[in-house]
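Using the sequences and the hints, build the whole thing.
Protein chains in written order, with the working numbering: chain S, 1 to 190; chain W, 1 to 101; chain V, 1 to 640; chain G, 1 to 517.
These are computed hints drawn from the structure, not numbers from a lab.
Hints are not guaranteed to be accurate.
If you want the footprint, here are the derived chain G segments under chain V, 3+ residues with CB under 8 Å [what the hints assert, rightly or not]:
| id | region |
| --- | --- |
| 1 | 32-44 |
| 2 | 77-89 |
| 3 | 283-291 |
| 4 | 319-332 |
| 5 | 365-372 |
| 6 | 384-390 |
Source: prediction; values computed, not measured.
The beta carbon of each residue, even a glycine, is placed where N, CA and C say it ideally should be.
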Amino acid sequence: MFEAIAFYLFAFLTISMFYITVTTSQALHALTALAAGMIFISAFFFILGADFLGAIQIIVYTGAVMALYAFGMMFFDSTRDVKEKQGNKFIVVGMATVAAVLVVAIFSAPILSDNIVALYPSVGAGNTQEVGMVLFTKYLIPFEVAAVMLLVAMVAGIVLAGKKMDLSLTLMNKEEILEMNEDKNKKVLS
Amino acid sequence: MEIGLNHYLVLSTILFAIGLVGVMRRKNLLLLFFATEILLNAVNIAFAAISHYYGDLTGQMFAFFVIAIAASELAVGLGLLIVWFKRHGTIDLDTMTSMRG
Amino acid sequence: MENLLYIALFSPLVSSLFAALFTATPKKQFIGIIASLLIFTSFVSSSFLLAEILITGTPVHVEMMTWMATGNLYIPFGFVVDQVSVTMMMVVTLVSTIVHIYSIGYMDHDKGFNRFFSWLSAFVFSMMVLVMSDNYAGLFIGWEGVGLCSWGLIGFWFHKEVATWAANEAFIMNRIADLGMLIGIFLVYWNTGTLQYDGAFAAFATLDTATLTWIGIFLFIGAMGKSAQFPLHTWLADAMEGPTPVSALIHAATMVTAGVYLVVRSNELYDLIPNVGLFIASLGAFVALFAASMALVNRDMKRIIAYSTLSQLGYMFAAAGLGAYWVALFHLMAHAFFKALLFLGAGNVMHAMHDELDPFKMGGLKKKMTATAVMMTLASVALAGIFPLAGFFSKDAILESAFVEHHFIIYSVLLFTAGLTAFYSFRLVALIFHGEERYKLFGIDPHEAYKFMLIAMSPLLLLAIIAGSLKMTYYEMVTALLPATEYHIHNHLVYWIMTIGTQLFVILAIVYAYKKYANSKVTVPDGTSAMENSFGYKLLINQYYIPYFYEEYIVKSYRELSKIFWKQVDLKIVDATVDGIAGVLYSTGERTRDMQSGNLSTMLKWMVAGTIGLLSLAVVFGLAVRYSDAILAILSGLGV
Amino acid sequence: MIDHILSVLIFFPAVAAVFGFIIHKDSMRAYGVAVSVIEFALALWLWFAFDSNVSGMQFMELIPVVPSFGINYILGVDGISLFIIILAAFFTLIGIASLTDTKNVKNMIITLLFLQMTMVGVFAALDAIIFYVFWELSLVPMLYIIGAWGGPLRIYASVKFFLYTFAGSLVMLVGMLFMAYFYYQATGVWSFAILDWYRLILPESFQLWLFAAFFIGFAIKVPMFPFHTWLPYAHGQAPTIGSVILAAILLKMGTYAFIRFSLPLFPDASVFYMYPIAILAIIMIIYTAMVAYAQEDVKQVVAYSSVSHMGVIILGTFALNVEGISGSIFLMIAHGVVSGALFLLVGVIYDRRHTKMMDQFGGLAHVMPRYATIFGIMLMASVGMPLTINFVGEFLSLLGFYQQSHTLTLLAGVAIIVGAIYMLAAYKKMFFGEITKDENRNLKDVNKRELLALIPLSIITIWLGVYPKPVLGPINNSVESIVQLMHDKATSVEAKIRIPNVIEGIVITRTPAGEAH
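Here is the structure:
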């Protein structure tokens with residue numbers, strides 16, 4: 001009973017938060033709503049007994065991702081109203097619904113037809129412990145690959161975003177800033 | 001009233017649809033990223049639910065990797081976004097038409 | 001004997017190749033002499049062969065080498081000298097020797113002297129292959145070879161538009177007939193398994209009449225082209241654009257008689273199918289009359305003689321078609337002599353008149369050119385068939401055979417034609433050699449030809465006079481091979497009435513021609529006289545409008561159709577279809593590139609749409625796999 | 001070396017071409033001539049070492065490439081392919097030796113040598129995949145030759161040539177894969193070896209479809225009506241050397257493939273499709289001959305005449321008897337020699353006048369007698385004058401088909417009439433009459449380098465016309481074995497009747513599909 005109440009409550013909250021994210025014209029609202037939605041999603045994970053995943057969800061999304069987004073928004077002038085796309089809303093919504101139904105149908109089809117076998121069944125230990133067991137045995141190599149990938153992504157992020165980090169506008173005189181601005185228009189992304 | 005797998009799948013469907021709507025109608029690149037996060041999270045819920053109801057940890061593992069991918073995507077994506085913004089001063093999708101065929 | 005055969009066959013080839021070496025160099029007299037000597041060598045060898053055949057009666061048969069051999073087909077270069085082919089060889093080599101010598105004088109001032117001898121000797125070689133071959137394929141080599149040489153010689157003066165046009169016309173018309181010949185050869189091969197005469201003739205007896213009829217018809221179509229029978233006759237008159245020695249050799253004495261030779265050679269075939277033979281005879285009689293009628297009014301000396309040739313070829317076919325093969329061959333031989341003589345004489349006149357061909361512009365030339373006048377008159381007498389010249393014996397034999405075979409229509413047509421022949425021959429002689437000296441009006445000063453040319457012509461004159469006396473020797477020789485039917489009218493009275501009647505009729509025609517054209521009143525027609533405006537005259541002078549019909553309705557429509565095929569069909573339908581398919585693909589790309597507006601938002605929409613498509617496919621296939629048994633059951637229930 | 005002579009023949013030009021990149025520009029011509037002379041000598045050696053009494057494959061080589069799928073590098077020659085290989089070597093030699101001053105001679109010679117590799121490869125390959133690889137590779141050098149040295153429309157022409165033939169051969173590839181699949185189903189083993197396929201007897205319904213798939217690929221290459229329209233463009237735009245090789249060798253790939261694949265693999269289908277194909281061939285003969293007559297460009301006349309003659313070759317091939325097939329193979333060689341020579345001749349006048357329009361000429365026989373003579377010889381060969389090379393092939397092809405159908409042969413025989421019409425008309429326009437254009441007054445006659453190419457071709461034209469036995473003999477042996485194979489494999493009654501039993505009484509042991517392995 002409690003589970004049901006929790007599910008519906010969080011389902012309602014998540015959907016409304018994400019709805020706001022998608023529809024609002026204020027970037028700041030969207031960001032806030034997204035962060036809230038992420039946290040509400042972690043609730044499902046806790047309900048489903050995936051404690052570790054829930055924790056990760058909060059840490060990664062609400063901690064890291066949202067912080068990044070927040071910093072990103074500082075670059076852009078996102079306080080203005082966001083222009084909305086004009087177009088047939090029915091097509092957009094309709095296509096989205098159909099696609100979603102299809103995706104879920106495909107994922108659930110093997111389950112509904114009961115012809116999958118649990119590969120790594122839970123052994124009854126704590127969720128975090130089990131996750132650790134599986135992650136560091138069966139999925140060790142993907143895990144490592146993911147780690148490398150994150151590293152690469154980090155480096156890439158720094159390189160891309162951190163161009164001219166060695167330059168400081170406060171230390172440059174007017175001519176240098178002007179020159180830099182002229183260069184900026186010529187340079188190709190490289 | 002027992003909450004079953006189907007409930008979670010329906011929820012996942014709804015969230016996925018919302019995400020797709022966002023992907024299709026957003027013009028601001030940053031907000032587009034938000035929408036993609038919604039998509040990923042929608043699928044994550046489905047993974048976790050299936051994992052739970054089947055007593056199989058594979059689903060969780062998948063969700064875990066999805067989170068990792070989402071994080072790295074974000075890092076690179078934001079980096080590109082910043083470069084783009086520095087060069088063009090806007091992140092409006094309608095201005096990005098250099099791929100015109 | 002074999003060596004003689006090879007000498008007879010190949011010395012013209014040697015002559016041709018030798019002359020060909022000098023084609024690019026200026027005129028050299030010795031080439032003509034050497035070529036003539038080589039052809040004469042061939043003549044001498046042929047004479048030895050003739051003597052051999054006359055004495056022993058056994059044909060010489062050699063097989064030089066394999067030509068084509070594949071599957072069951074085996075075609076050698078085989079040559080046979082028997083009674084029929086030796087006759088032809090004699091005619092060919094004799095006339096060509098004379099024509100070669102004559103040409104040394106005739107082509108004296110021509111730039112292409114060396115080339116001329118090369119072609120002329122090549123023609124003799126082809127003709128020898130044609131007559132000596134022991135199989136149909138070899139015959140076809142010669143057949144096409146003479147066609148080629150005829151093309152080269154008609155178009156010898158290639159700077160003249162009419163000459164090259166006539167050359168092409170002759171070649172193409174012959175080609176039409178050659179297709180028939182080729183089909184005939186195929187029929188022979190697939191029905192008898194061989195192309196050798198002896199093998200094929202032996203097998204003919206076992207074939208059914210329908211097949212034989214087809215073979216006979218197709219071979220005869222080949223003969224029709226070469227011998228310029230109706231409706232493939234127009235090229236012969238146009239071929240007169242070639243140098244006159246060529247007309248004498250090719251278009252009077254030898255090549256055009258190849259068709260007759262083919263029918264005579266295939267006598268064993270045509271004996272089995274008398275219906276086809278009757279058709280040939282009827283066509284021959286028709287052509288005899290038809291060509292003679294055109295010769296009546298023509299105003300071109302060479303064309304008149306060409307029509308006369310055509311007419312005489314009709315006689316030969318009439319005889320051959322009625323089964324009187326030896327008579328046909330005899331007339332062929334006699335005709336070769338006097339017709340070549342006539343042509344060479346005409347060549348002399350042409351030279352004297354500076355290539356003027358209209359006999360109305362000549363007249364009274366006998367004073368200046370007595371020798372030529374005598375020769376041409378005698379040749380015309382022979383052609384008209386007056387006793388005791390060659391034409392009498394051969395033509396009379398044809399008439400007799402038609403009479404004896406009870407084909408009275410053919411007989412009367414041929415008889416009537418004999419009168420016409422006499423008339424137009426002497427019309428020509430009268431116009432050229434008698435009457436007023438009209439050439440003076442045109443400021444021409446005629447002169448007699450070189451003496452050696454006249455001497456070269458003399459053997460022909462001799463033969464035109466005495467060939468008739470050889471009739472019995474000849475008869476005994478060739479009947480070893482050909483059906484030995486003697487055509488005698490048993491009732492003596494009828495025989496004498498016929499012979500004398502014919503002679504009188506012919507003489508009357510001659511007298512009429514003289515009366516009409518040998519007087520001083522003859523003037524150059526200017527197109528105003530009543531006769532020239534009559535329908536009959538117009539019909540005849542325009543050759544029954546047949547060349548006009550060919551040009552307007554066949555040549556032109558072929559040309560137009562070709563243009564349509566190219567411009568309309570090939571470019572606008574076939575090629576356009578291909579380009580259209582490419583164009584559809586291209587324009588599809590062109591249209592769909594609008595999808596790539598570059599707007600990321602739009603592209604994302606397309607991406608979603610594509611995703612939906614793919615996902616739907618995945619679902620459909622998944623379901624199909626899941627329920628494949630049920631689907632199969634339903635499908636089989638539906639009877640698929 | 002004689003054991004691997006085919007590999008040597010294929011790859012020697014390719015290796016030489018690679019080395020050609022480091023040769024200096026000025027010595028390239030000599031290098032090219034040297035390489036092609038060696039290649040030609042090797043080809044002649046192949047002929048010398050070839051045993052004409054053996055009807056089967058000789059000088060076979062086998063190197064496994066993908067053994068699990070039965071793709072092997074198998075080579076071999078028989079009487080059918082031998083002479084086309086020699087012809088390919090010969091024409092490359094002539095082409096390089098008579099190459100006139102072109103820009104980028106070095107690249108041209110390298111391209112030609114690569115082209116030679118692919119040409120020899122196609123005719124020597126006995127594995128369908130290897131065959132296909134060479135078949136497609138041959139497009140590339142030709143594309144380059146047309147596209148880089150062609151006339152004003154060269155890009156259009158080369159793209160059309162490439163896409164058209166490529167599209168056709170993709171269908172053929174599908175057919176090959178299906179054939180291999182059927183073989184796998186029948187025997188449990190994958191094989192792309194043609195000789196293995198020969199032993200497979202397919203049901204007639206399969207044959208019909210496979211035949212059609214192969215037919216598309218071959219027919220476009222030949223090119224058969226109505227797939228011929230790429231050819232006039234390709235010829236019209238290609239440089240002389242490109243046209244020569246295209247007409248002499250590349251077109252023969254299609255007709256060769258008919259004999260190598262279609263007939264022995266699908267005897268029933270061959271009989272089934274015989275009449276439709278014959279009708280196409282006849283349309284091709286008469287229609288393109290008429291189109292040729294309407295042309296104003298002498299090169300297009302020769303190009304369309306090529307199509308017309310290819311029609312006779314197709315007709316001979318589908319005569320399905322020894323006479324016809326031998327004739328068609330002989331005609332392939334004959335047509336290669338004659339049309340190659342004609343294109344060379346057109347190139348001669350084009351080099352002098354830089355136009356190919358016939359109304360620009362006229363009276364050339366006055367100023368260029370030698371040229372006119374050689375052109376005349378080739379003209380007469382082209383119209384099928386007896387004692388020239390073409391006649392033997394044309395005669396045998398038509399003779400062979402006459403057994404199958406009288407009426408159609410009569411129609412096809414019109415070839416000798418229409419052929420004469422357009423050729424004589426073209427000759428008349430070019431050579432006869434007075435000289436009307438002042439530019440033509442001082443034209444030089446053929447020079448030594450051109451004679452170097454033209455004289456051997458003229459000699460071959462006459463020699464093989466008078467004495468075709470050295471070529472016809474080996475062809476005949478191989479064709480007899482193929483016809484026998486077809487007769488044995490034929491399943492339908494009609495096919496048994498139509499395809500003659502060559503060796504009466506001797507029955508080649510048949511291996512039904514199911515028991516082959």
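Here is what the structure says about each hint:
1. For the region 32-44 of chain G, the stated coverage by chain V is not satisfied: 0 residues place a CB nearer than 8 Å to a CB of that chain, which falls below the threshold of 3.
2. Closer than 8 Å: that is the beta-carbon criterion, and the region 77-89 of chain G has 0 residues meeting it against chain V, so the requirement of 3 is violated.
3. Judged by the Cβ-Cβ criterion of 8 Å, the region 283-291 of chain G is covered by chain V as claimed, because 3 of its residues qualify and three suffice.
4. Counting residues of the region 319-332 of chain G whose beta carbon lies closer than 8 Å to any beta carbon of chain V gives 5, which reaches the threshold of three, so the coverage claim holds.
5. Counting residues of the region 365-372 of chain G whose beta carbon lies closer than 8 Å to any beta carbon of chain V gives 4, which reaches the threshold of three, so the coverage claim holds.
6. Coverage of the region 384-390 of chain G by chain V holds in this model, with 3 residues showing a Cβ closer than 8 Å to a Cβ of that chain against a need of three.
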